[in-house]
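Top line first, the protein sequences correspond to chains R and B. When the count follows my numbering, it moves up by one through the first sequence with no breaks and lands on 262 for the last residue. When the count follows my numbering, it moves up by one through the second sequence with no breaks and lands on 521 for the last residue.
Accuracy of the hints is not assured; some may be wrong.
Partial list, derived from the structure: chain B residues whose beta carbon lies under 7 Å from chain R [stated by the list, open to error]:
| no. | residue |
| --- | --- |
| 1 | 388 |
| 2 | 393 |
| 3 | 426 |
| 4 | 427 |
| 5 | 428 |
It is worth saying that the hints were derived from the structure and are not from the lab. None of these values were measured; they are calculated from a predicted model. The beta-carbon is built from N, C-alpha and C at its ideal position, and this holds for glycine as well.
Each chain, letter by letter, is given below.
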Amino acid sequence: MIVAGCDVGSLTAKAVIMNGSVLGHAVIKAKSRPEESAAEVMNLALERAGLKMQDVDFCVGTGYGRNKIPFVNLTVSEIACHGKGAQWIMPSVRTVIDIGGQDCKAMRLDKDGNVLKFVTNDKCAAGTGRFLEVMAKLLEVSLDELGTLSENAKDPLSLSSTCTVWVQAEVIHHLNSKKPIADIAAAINRAMAIRVGILANQVKAEKDICMSGGVAKNKGVVAHLEKVLGVKIKKLKYDPQIVGALGAAVIAGEKVRGGKAG
Amino acid sequence: MIVAGCDIGSLTAKAVIMKGEEILAAQVMRAKSHPEESAREVMAKALEQAGLVLQEISYCVGTGYGRESIPFANRVESEIACHGRGAQWKMPSVRMVIDIGGQDAKAIRLDDQGHVVRYVYNDKCASGTGRFLEVMADALNIDLNEMGAVSQSSHNPVSISNQCVIFAETEIVSLINEGRNIADIVSGLHQALAHRVAALAKSIDLEDDIVMTGGVAKNEGMFAALGKALGRPLKKTQRDPQINGALGAAIFAAEYLRN
Chain R
1 MIVAGCDVGS
11 LTAKAVIMNG
21 SVLGHAVIKA
31 KSRPEESAAE
41 VMNLALERAG
51 LKMQDVDFCV
61 GTGYGRNKIP
71 FVNLTVSEIA
81 CHGKGAQWIM
91 PSVRTVIDIG
101 GQDCKAMRLD
111 KDGNVLKFVT
121 NDKCAAGTGR
131 FLEVMAKLLE
141 VSLDELGTLS
151 ENAKDPLSLS
161 STCTVWVQAE
171 VIHHLNSKKP
181 IADIAAAINR
191 AMAIRVGILA
201 NQVKAEKDIC
211 MSGGVAKNKG
221 VVAHLEKVLG
231 VKIKKLKYDP
241 QIVGALGAAV
251 IAGEKVRGGK
261 AG
Chain B
263 MIVAGCDIGS
273 LTAKAVIMKG
283 EEILAAQVMR
293 AKSHPEESAR
303 EVMAKALEQA
313 GLVLQEISYC
323 VGTGYGRESI
333 PFANRVESEI
343 ACHGRGAQWK
353 MPSVRMVIDI
363 GGQDAKAIRL
373 DDQGHVVRYV
383 YNDKCASGTG
393 RFLEVMADAL
403 NIDLNEMGAV
413 SQSSHNPVSI
423 SNQCVIFAET
433 EIVSLINEGR
443 NIADIVSGLH
453 QALAHRVAAL
463 AKSIDLEDDI
473 VMTGGVAKNE
483 GMFAALGKAL
493 GRPLKKTQRD
503 PQINGALGAA
513 IFAAEYLRN
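Sequences are here, hints too, so could you generate the full structure?
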């Protein structure tokens, strides 16, 4: 039985094809229209799995563009999909922190991957991937570099503002004062971690904690978040960006099995 | 007896020289990298305008974020207190000031003596300050000072769904790409900022008469939008709205001198 999950976000689109295990997955930059992104990412994932659209028995859509995906059988909220996806990869997970390009979510799960409590920030750019994007551009480094740069920090600076706009001004000031770029990067990653830590504390984060979304690949943010929360963050053995799509596929599998049983 | 007020902000420096009830000179300039330098320069300009030298100033009060660095100030006062005093100059009926600056916004309620009754302040989030309009003017590629005039021809203001400056900037870029009318976008931005600031002011309850001050008050579109968002008529100052804090500082200087 072949199932699929398709997660169409504001900046990226992801698809996962499953048959008990992951057969193929793909991540692409979002196109201007969500239906276009959905078709392209799904075709790529199918190609990698050596399959065709007709082979998929059930497909679940999620993400902000989920209602525009033409080929889905069902749509499910991002929160539920991230919970299911993380749980499938690592059954001991009880808290998922998902940081996307334009939002941040923290959710607590029961042992079956059901969401007990969640909080979202999509109102303020601080604490989302956008904050890091703006800062990487200022420092003229890539997002990946911003993450690794802070490992070399000797004397991390501090930032007094939270607002992305005001932090920009502070970073420019540090750059003009010829402060080492690694020390500035550390300050940025730490500021990000503090902001995300506030959300995580609101759901009373419990072990095991894992991260999903693109920012989970940023070593600097992860290291600082571990310090802020005082616990180790467990690394998922799949690309953290596909957790939502994977969860959608897991839910698709449950629907197919459930349908058969009933 | 000649007195002065000097308001050193993060973006601009202002100085006011007074004799009795009259303003002899008022100057506004962009802040230098050191507050002390800003203070010396803006005061020199004001003195020149008044045809005076520093020795002729009997008392000077400093205010603003750089107030501790003003070498010639006899005393410092908080910005809130100075804005309150300045607002009642020649307008004794004023009971509330709404000040929108480049990096903050504040609402202050006053008693009939110009004393502060309650106040509220935002400098944490750039949305809700003048910076919001600055960033958007940049995105629209228009001059910040033209926004008021541009908004006048709007018939159908757009509604801006994002509050965050960073997210709203992206929204504006897509509105431009969609070919939306620039006047409608600018007018929509005025409404968005007005709603933010009105919510701040309402948190301490409104009280008439209300005067709008700060650099953003020079924008006619913002002045109209804020009045509408408050649901009350707004008063204009009879002088540059940007000098309100420095004017209040000069009024304090005169009071200290009398006592």
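Verification of the hints:
no.	hint	in the structure
1	388	holds, 4 Å
2	393	holds, 6 Å
3	426	holds, 5 Å
4	427	holds, 5 Å
5	428	holds, 4 Å
When held up to the earlier numbered hints, the structure conflicts with none and fits them all.
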